[in-house]
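K.L.:
Protein chains in written order, with UniProt numbering: chain A, 1 to 276; chain B, 1 to 276; chain C, 1 to 276; chain D, 1 to 276.
Derived by calculation from the structure, the hints in this document are not laboratory data. It is possible that some hints are incorrect.
[Claimed, not checked] Below, simulated DSSO-like cross-link-like pairs (lysine-lysine); rule was C-alpha separation at most 30 Å, straight line:
id, chain 1, residue 1, chain 2, residue 2
1, D, 152, C, 152
2, B, 88, A, 152
3, D, 179, B, 51
4, D, 179, A, 179
5, D, 145, C, 152
6, A, 179, A, 85
7, B, 152, B, 84
8, C, 56, B, 179
9, B, 130, A, 152
10, A, 56, C, 179
11, A, 130, A, 145
12, D, 152, D, 130
13, C, 145, D, 145
14, D, 7, D, 85
15, A, 145, B, 145
16, B, 56, B, 7
17, D, 5, D, 88
18, B, 152, A, 152
19, B, 152, C, 7
20, B, 84, B, 145
21, A, 133, D, 145
22, C, 5, C, 85
23, B, 152, B, 133
24, B, 56, A, 179
25, D, 88, A, 130
26, A, 145, B, 56
27, D, 56, C, 152
28, C, 56, C, 88
29, B, 179, C, 85
30, D, 56, B, 179
31, A, 179, B, 51
Computed from a predicted model, the values in this text were never measured in an experiment.
There are 4 protein chains.
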Amino acid sequence: MGKVKSKFETFRQNTNIIIYGTNTFYGRLFDLVLLGVILISVILVMLETVKEIDLKYHRELIIFEWIITIFFTIEYILRIISIKKPVKYIFSFYGIVDLLAVVPMYFSLFFVGTSVLSILRSVRLLRLFKILKHPQFSNQSVHLKQALIASKGKILIFIYFMLVSSVLIGSIMYVVEGKDGGFTSIPISIYWTIVTLTTVGYGDISPITPLGQSIASLVMIMGYGIIAVPTGIVSAEFASFKSRINAKDKINPCPNCGEEGHELNAKYCYNCGQKL
Amino acid sequence: MGKVKSKFETFRQNTNIIIYGTNTFYGRLFDLVLLGVILISVILVMLETVKEIDLKYHRELIIFEWIITIFFTIEYILRIISIKKPVKYIFSFYGIVDLLAVVPMYFSLFFVGTSVLSILRSVRLLRLFKILKHPQFSNQSVHLKQALIASKGKILIFIYFMLVSSVLIGSIMYVVEGKDGGFTSIPISIYWTIVTLTTVGYGDISPITPLGQSIASLVMIMGYGIIAVPTGIVSAEFASFKSRINAKDKINPCPNCGEEGHELNAKYCYNCGQKL
Amino acid sequence: MGKVKSKFETFRQNTNIIIYGTNTFYGRLFDLVLLGVILISVILVMLETVKEIDLKYHRELIIFEWIITIFFTIEYILRIISIKKPVKYIFSFYGIVDLLAVVPMYFSLFFVGTSVLSILRSVRLLRLFKILKHPQFSNQSVHLKQALIASKGKILIFIYFMLVSSVLIGSIMYVVEGKDGGFTSIPISIYWTIVTLTTVGYGDISPITPLGQSIASLVMIMGYGIIAVPTGIVSAEFASFKSRINAKDKINPCPNCGEEGHELNAKYCYNCGQKL
Amino acid sequence: MGKVKSKFETFRQNTNIIIYGTNTFYGRLFDLVLLGVILISVILVMLETVKEIDLKYHRELIIFEWIITIFFTIEYILRIISIKKPVKYIFSFYGIVDLLAVVPMYFSLFFVGTSVLSILRSVRLLRLFKILKHPQFSNQSVHLKQALIASKGKILIFIYFMLVSSVLIGSIMYVVEGKDGGFTSIPISIYWTIVTLTTVGYGDISPITPLGQSIASLVMIMGYGIIAVPTGIVSAEFASFKSRINAKDKINPCPNCGEEGHELNAKYCYNCGQKL
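If we strip away everything but chain A, and leave its shape as in the complex, we get (with noise of 0.2 Å):
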């Protein structure tokens, strides 16, 4: 008995490594496969989507997607029985995740052509962004997150200023381009504002009245330049992170006079002459 549950210790143990490790041939090996697998569940839901290639190979997609079900299936099984606090891992976000990119398929056996279930599956997408903590990018996407999160108090004012302003013109822009533009209701013509000062341009709807067309001109010209200001944030933000950055490599002190800010490569204090 004992000896069964060491052997079952050390499948446990073995399947944690490969699983949550990423240490191992067998763990990187199993992270390229999962990855590989997420993304082909990922493409078979888009092609259901597509009428031509549903209708030519439907059984196919089907077959596809009750193997890569059974897999994720496995998968989900292994990850609670390896893991130390599986209650923990079950309620966290990712393990929702994991949980919603099987559960669909089940559900499907009992009511049949409900697409709001296929269209659940497509939750499963949110594991390719787990792809961000793997220990080969997380240092990167770290400093793209402190950067993000310092600058994150003036880029809401920037977005509540955009909001507010797009109210104002939208409401403007009612009352001076009217129906015949496109221009139907006040929501409309704020998705317009939006449409123009984020300088995407759809074209649908597009005034067509002299003094339109001008205060339209205004706004494009306005959305040109206050895109400067997020990029603007970003930038010190990331420029005064580089600059930290190279000041600590910088710092060396002397052991001599103590003086910091030595470069990398300098063999000598700059202060003192002393040999570093």
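Add chains B, C and D to chain A, keeping to what the hints say.
P.N.:
Relative to the frame of chain A, chains B, C and D by itself:
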């Protein structure tokens, strides 16, 4: 009599703390409620312009509108009563906005069916900008403002340059493309140039001759490139701002006068000459 | 005779101060009036191309045009008379522009109905660029110019890279999409590529095959990403500019030890404690 | 015999200097002529696809094409003869490109009417990238390259994040908008998301339901805002680059070892310890 006056004085003071203050619980609650009511009032103005909704719920919209108008009226009166210098408030920018948020509804009692009055109500939207003065945001928005003010000169010259270029390019395109491509007059051609230069690109007017398309390509590349100019200006401003703040953060105060902001290699306080 | 000459000399000097100077009241007034007249003349050229306006007010437009032409003629003659080196002015860029602003109208007396002459009048628009030389703006525009000149080399390589990429992508899209999607020739495909790469996106030509749309998606992401390159170049130039100016502002040598780099508000040398 | 060989050797050396060198007059002339011929050959390939031109000038285009092909063939042979390691050149990237610029025309003698071969000729376009290796530009393009390589990691994560977000938003829009708005399948919806997120905005597909337009507005603001991320990354890289170069420019060399790049307050050389 004195008691009544003192009672009224207490009421005024309490009202002032609630309406203008942000430190007490009721003060913050009032701000939140007011923000909510303004948002609802703005949404109401929007919905009235959506034909389907207005036809179905015209009665309800009017009732809601009156409730909000009365709420704003009471708020406006309380603001005048509780402030020390009511005249200054009344003729201030936000004082006029607060009044304009209320007046159109009362006018609509006498002048039926004037849509201009209905639109005038959207002036109350401007009250949403007031939130940027809130202590929680003011610090961040002051930074944004200062950086924009510092780069104002360069930005204005840039916009002037862009407008004159637009007129120039618009005139050329009018000659090159002619009326077939939709370039029916120079003002329309200028409108097209701005649409293109700011990379909005509606597509309501687009060149059809090879020469016109070649010039358009140059304009696009120009527009794509010169967005770097406002962005560069504002980025530099933010970065210089940032580094000044960082510099101040880093440096310990003078033991004598408490002045901060000494350079790392400073030996004496730059303010009082005390040895550091 | 000498008296006449001296009188004429005085007139020349006064005219020179008014036309070329910016320090006296009349000098500044003249600049403002001239700017106004140029703006009006540009608007006149624009309005003549708007059919509805030209039909109604043709006579009035012509009269206004003649008034402005005579004003410009007198100004041109006064400029030649009052300047010391008239030949240099006549053959300078702005000298030629000033002449071209006037000549077409006189030609129109002999050659009736030539729209080319009418368009040539819009050359006077170039006079609007002269304002950037005005002392009030020249300081700022010099900064802009220097930063752009410093980054000229990198920007040119970037544009070269973009153009070659556009030809390459355009050729690929021509093969992939074929004539159905509007990609009727390689030049048209290149035009589409530039429209897409610069994120303008008219929508007059857009891919319809899945492969074409996939390549288009890549081109868009590429275009969205590489806008960072010119922006980054110019931003770095502005920032380095800014910090050099900041650095110069700071430098105040200490009269005692000669140490530089004091803040503007420094009262004592940070190195030796000497009062500045 | 030896004389012949030495004569051939001299020819080889002279050819090498002209073709590969950039220091002699003939070397620079050859580069200019070659650039011109490549440009003409690229324009030829383009023009052949324009129906009207091909119908009129088919004969002339073919003749020109053969002249250029023979020119390129001679150049290719001379390159192989005059270089020291011909095998290395033949299998290098630009060696293969040089060959592909020539081969299709000869193949067209045997396989008539194959448009694929005609298109393959546009590979010669890649030769235009070679110019970036020219000493005049290489310095600048190396800077650009290094800054881009340094920010590669962050840019890749950003693109990954954008692609996954596009799939996610595309799936949501497919469910929300349905087939009426043109969102006929998830791949098409993803295509729309990328068109919107990158602010291109063709307008071939655009949301028509209020909910779809609201989500689209969020996507646009998101796209407008996150352009700050790549721009910020690259800007910071360029700025840090710039400041390192500036730092090196500023500082005088050590009188003992000639090492440059000492800080302004350095008293001793960091390389040899010599007093500065």
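K.L.:
Against the 30 Å threshold, does the CA-CA distance of residue 56(D) and residue 152(C) hold or violate the hint?
P.N.:
Answer violated: residue 56(D) to residue 152(C) is near 41 Å, above 30 Å.
K.L.:
Measure nothing beyond the straight line between the CA atoms of residue 56(C) and residue 88(C); if it is 30 Å or shorter, mark the hint as holding.
P.N.:
Between residue 56(C) and residue 88(C) the Cα gap is close to 43 Å, so the pair fails against 30 Å, i.e. violated.
K.L.:
Holds or violated: are the alpha carbons of residue 133(A) and residue 145(D) at most 30 Å from each other?
P.N.:
holds, 28 Å
K.L.:
Does the alpha-carbon distance linking residue 145(A) and residue 145(B) stay inside the 30 Å limit?
P.N.:
holds, 25 Å
K.L.:
Under the criterion that the straight-line Cα-Cα distance not exceed 30 Å, is the pair residue 152(D), residue 130(D) satisfied?
P.N.:
holds, 23 Å
K.L.:
Below or equal to 30 Å on CA atoms is what counts here, so check residue 5(C) against residue 85(C).
P.N.:
holds, 18 Å
K.L.:
Can you confirm whether the C-alpha distance between residue 152(B) and residue 84(B) stays at or below 30 Å?
P.N.:
violated, 35 Å
K.L.:
Would you mind confirming whether the straight-line C-alpha gap from residue 179(A) to residue 51(B) stays at or under 30 Å?
P.N.:
Satisfied, since the Cα-Cα distance of roughly 11 Å is no more than 30 Å.
K.L.:
Check the hint pairing residue 145(C) with residue 145(D) against an upper bound of 30 Å on the C-alpha distance.
P.N.:
Satisfied, since the Cα-Cα distance of roughly 25 Å is no more than 30 Å.
K.L.:
For a C-alpha distance cap of 30 Å, please report whether residue 152(B) and residue 152(A) respect it.
P.N.:
holds, 24 Å
K.L.:
Does residue 179(B) lie within 30 Å of residue 56(D) when you go C-alpha to C-alpha?
P.N.:
Within the cut-off at roughly 27 Å; holds.
K.L.:
Residue 130(B) and residue 152(A): Cα distance at most 30 Å?
P.N.:
With Cα atoms ~20 Å apart, residue 130(B) and residue 152(A) stay inside 30 Å; holds.
Consistency with the previously given hints fails for numbers 2, 6, 7, 16, 19, 25, 26, 27, 28 and 29, ordered from lowest to highest.
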